[in-house]
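Novice: Please arrange chain B on chain A, whose structure you already have, making use of the hints.
Quick mapping for you: the protein sequence lines, in order, are chains A and B. Quick note on this note's numbering: the first sequence kicks off at 1 and runs consecutively. Quick note on this note's numbering: the second sequence kicks off at 339 and runs consecutively.
Since the hints were derived computationally from the structure, they do not count as laboratory data. Keep in mind that a hint or two might mislead.
[Said to hold, decoys possible] With the C-beta cut set under 10 Å, the calculated list includes, among others, these residues of chain B facing chain A: (1) 444; (2) 448; (3) 471; (4) 492; (5) 500; (6) 502; (7) 507; (8) 508; (9) 511; (10) 512.
[As the list claims (entries may be wrong)] Chain B is faced by these chain A residues, among others (derived, beta-carbon under 10 Å): (11) 98; (12) 103; (13) 107; (14) 114; (15) 133; (16) 149; (17) 151; (18) 154; (19) 156; (20) 157; (21) 159; (22) 166; (23) 169; (24) 175.
For each residue, glycine too, the CB sits at the ideal point set by N, CA and C.
One-letter residues, chain by chain:
There are 2 protein chains.
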Amino acid sequence: MTAAVPIQGNRFVIIGGASLVGSATAAELLDAGAGEVVLFDNFAFGSEEAIAHLRDNPRLRLVRGDVMRLPDLLQALEGAQGALLLAAHMTLSMDRDPWGGLDVNVRGVQNALEACRVNKVRKAVFASSNAVYGYGPGVKGDLVEGMPFHSAGSPPAAVIYGATKIIGEALCADYRKKHGLDYVVLRYCTVYGERQHYRATNALYIIETLDKVRRGERPQVLGDGSETKHFVYVGDLARANRMAFEAAATGVAVNASGPAPVTTLELVRLVTKMAGGGPEPEFIPEDPGRVRLTTGGAFDIRHDAAERLIGWTPRVGMEEGIRRLIAWRDGNEPKPAR
Amino acid sequence: MTAAVPIQGNRFVIIGGASLVGSATAAELLDAGAGEVVLFDNFAFGSEEAIAHLRDNPRLRLVRGDVMRLPDLLQALEGAQGALLLAAHMTLSMDRDPWGGLDVNVRGVQNALEACRVNKVRKAVFASSNAVYGYGPGVKGDLVEGMPFHSAGSPPAAVIYGATKIIGEALCADYRKKHGLDYVVLRYCTVYGERQHYRATNALYIIETLDKVRRGERPQVLGDGSETKHFVYVGDLARANRMAFEAAATGVAVNASGPAPVTTLELVRLVTKMAGGGPEPEFIPEDPGRVRLTTGGAFDIRHDAAERLIGWTPRVGMEEGIRRLIAWRDGNEPKPAR
Numbered sequence: 001m002t003a004a005v006p007i008q009g010n011r012f013v014i015i016g017g018a019s020l021v022g023s024a025t026a027a028e029l030l031d032a033g034a035g036e037v038v039l040f041d042n043f044a045f046g047s048e049e050a051i052a053h054l055r056d057n058p059r060l061r062l063v064r065g066d067v068m069r070l071p072d073l074l075q076a077l078e079g080a081q082g083a084l085l086l087a088a089h090m091t092l093s094m095d096r097d098p099w100g101g102l103d104v105n106v107r108g109v110q111n112a113l114e115a116c117r118v119n120k121v122r123k124a125v126f127a128s129s130n131a132v133y134g135y136g137p138g139v140k141g142d143l144v145e146g147m148p149f150h151s152a153g154s155p156p157a158a159v160i161y162g163a164t165k166i167i168g169e170a171l172c173a174d175y176r177k178k179h180g181l182d183y184v185v186l187r188y189c190t191v192y193g194e195r196q197h198y199r200a201t202n203a204l205y206i207i208e209t210l211d212k213v214r215r216g217e218r219p220q221v222l223g224d225g226s227e228t229k230h231f232v233y234v235g236d237l238a239r240a241n242r243m244a245f246e247a248a249a250t251g252v253a254v255n256a257s258g259p260a261p262v263t264t265l266e267l268v269r270l271v272t273k274m275a276g277g278g279p280e281p282e283f284i285p286e287d288p289g290r291v292r293l294t295t296g297g298a299f300d301i302r303h304d305a306a307e308r309l310i311g312w313t314p315r316v317g318m319e320e321g322i323r324r325l326i327a328w329r330d331g332n333e334p335k336p337a338r
Numbered sequence: 339m340t341a342a343v344p345i346q347g348n349r350f351v352i353i354g355g356a357s358l359v360g361s362a363t364a365a366e367l368l369d370a371g372a373g374e375v376v377l378f379d380n381f382a383f384g385s386e387e388a389i390a391h392l393r394d395n396p397r398l399r400l401v402r403g404d405v406m407r408l409p410d411l412l413q414a415l416e417g418a419q420g421a422l423l424l425a426a427h428m429t430l431s432m433d434r435d436p437w438g439g440l441d442v443n444v445r446g447v448q449n450a451l452e453a454c455r456v457n458k459v460r461k462a463v464f465a466s467s468n469a470v471y472g473y474g475p476g477v478k479g480d481l482v483e484g485m486p487f488h489s490a491g492s493p494p495a496a497v498i499y500g501a502t503k504i505i506g507e508a509l510c511a512d513y514r515k516k517h518g519l520d521y522v523v524l525r526y527c528t529v530y531g532e533r534q535h536y537r538a539t540n541a542l543y544i545i546e547t548l549d550k551v552r553r554g555e556r557p558q559v560l561g562d563g564s565e566t567k568h569f570v571y572v573g574d575l576a577r578a579n580r581m582a583f584e585a586a587a588t589g590v591a592v593n594a595s596g597p598a599p600v601t602t603l604e605l606v607r608l609v610t611k612m613a614g615g616g617p618e619p620e621f622i623p624e625d626p627g628r629v630r631l632t633t634g635g636a637f638d639i640r641h642d643a644a645e646r647l648i649g650w651t652p653r654v655g656m657e658e659g660i661r662r663l664i665a666w667r668d669g670n671e672p673k674p675a676r
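Chain A extracted, bound-state conformation:
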């Protein structure tokens, strides 16, 4: 038995699809010959802009719906072979609205999996996060799958976010155990690239630095800039999503991280350089009232398991990825294939 779902000719639904990752994955699946790609979104975080470049593709369909309304999902997933579960609140919106965040990240995932079960969807790919390893000084060294969740002393919204991703993964495992639903969990690092938004705490280092440099202002680094962050380029991640469907693997959770981690100071300097140069960064003290995802030690989120189980490794380093982000921001993005 294989849990592989080929892309060619098949129908895929991307739940939370009008987004950074959703639009890139839609393009990836369409390029690979998908019969139809459905973008399901309630446009709470998603936007028309994020998918404008794809709207002319006749194999793309947009469905307005809400993960909190099971009937919306039951209908959208009819005839689908694969479902990508992206819809989620991240830490910043979880802080603003823990009520809505827990709805979407817990019940929304249950609804999506239930709709997969009813519609006999062959495979679900669940967008988890390296937040399942948590925060603080316990998160250090090589981060590999199976490591525990560190939450002591972390901001409540960050703890809640990470715990909802653990629950989402366990719900996938529960649906496989009880109903035979095949799935792959991808634990995304912070995603960046074309159609970058301002909703991810760590990606703010990229997009806010770019904004400041373009305005001639000094970019900002919190603390001394030695903190590790690990990103993944959105095109690499879109390919990981596709390969998770195509892989024989099921019932697994793997990291999806870029080639290497960076420190926040390295990152701010890199974005400044790529944006054409600018003033030296300003080191600002940490604001205890702001939700931040600090870690004490250096870490490297390993993607060995993703290579072993779904055949994926990242290709795009941060310099190239940021170059593409800036090209998109400047309106110089290459046109998508049809």
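Specialist: Positioned in the frame of chain A, the structure of chain B alone reads:
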């Protein structure tokens, strides 16, 4: 500033009160002079039997309500100085009904905290669990607060249960941060004692062994019986709940564990002896289909922090606690004070 809430003359609401822990805590608070103790329960798991021995107390009030109905809680918590948040699905019912379990353990806690906020309740005590340390071979040695959550390879329902307790704790922290609500989290070990039920995986070792010995059957031990379990006697836990209200502490999470851990084989032998003796236990192989909470190594859930922060230590060892459980089961329980 102290977050102490004296018991004398004050009103307390026990959410999920018609239960093992709820009834014992109600008795403890009434004995300490509480003006009124309200038991709020929907009787999904709670029972009239669990509170029958308290029903004559004029300071006890029973309110039928559901934690999923915020208006029920808003009304029940009017005029309360303290709220004890007990209502929860445990692992076995989370396995049977993850929909209802996530409702109660996530939204139910949010509703309870929201009702505390609206009613200006002075302190909430949240019943968390040593499940926040997780399961498997990573859980070993002295378990102290701040340790991470281990979930790799564990049954989905157990992972979901533990993660909901982490979320419940974080929701308390969020309400304190945003709304100033004082709280103490108690991380309960497996509770046993008078009014023991069959809903807690680990406590089955006590109550099922007692049942089997009384029927003249051989008690059962899963595996080789070397697995560590750590229990707490319900009367000790009721006192911990009371002391959590009375303590100046707020914004803390502490373990509430009995004097010492036991192995499952020691426990089965002890219950057999206390029940008057019986046949040797039968060692049965582990059933991978059954939800079990296995750990690889020996551990000891430390209660040093509870002693330091709320002045509590457990008093009742397992021999005495099981003696009391058996006395209750045999109808020889001492009458409660009025």
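Novice: Go through the numbered hints given earlier and state which of them the structure violates, listing their numbers in rising order.
Specialist: none
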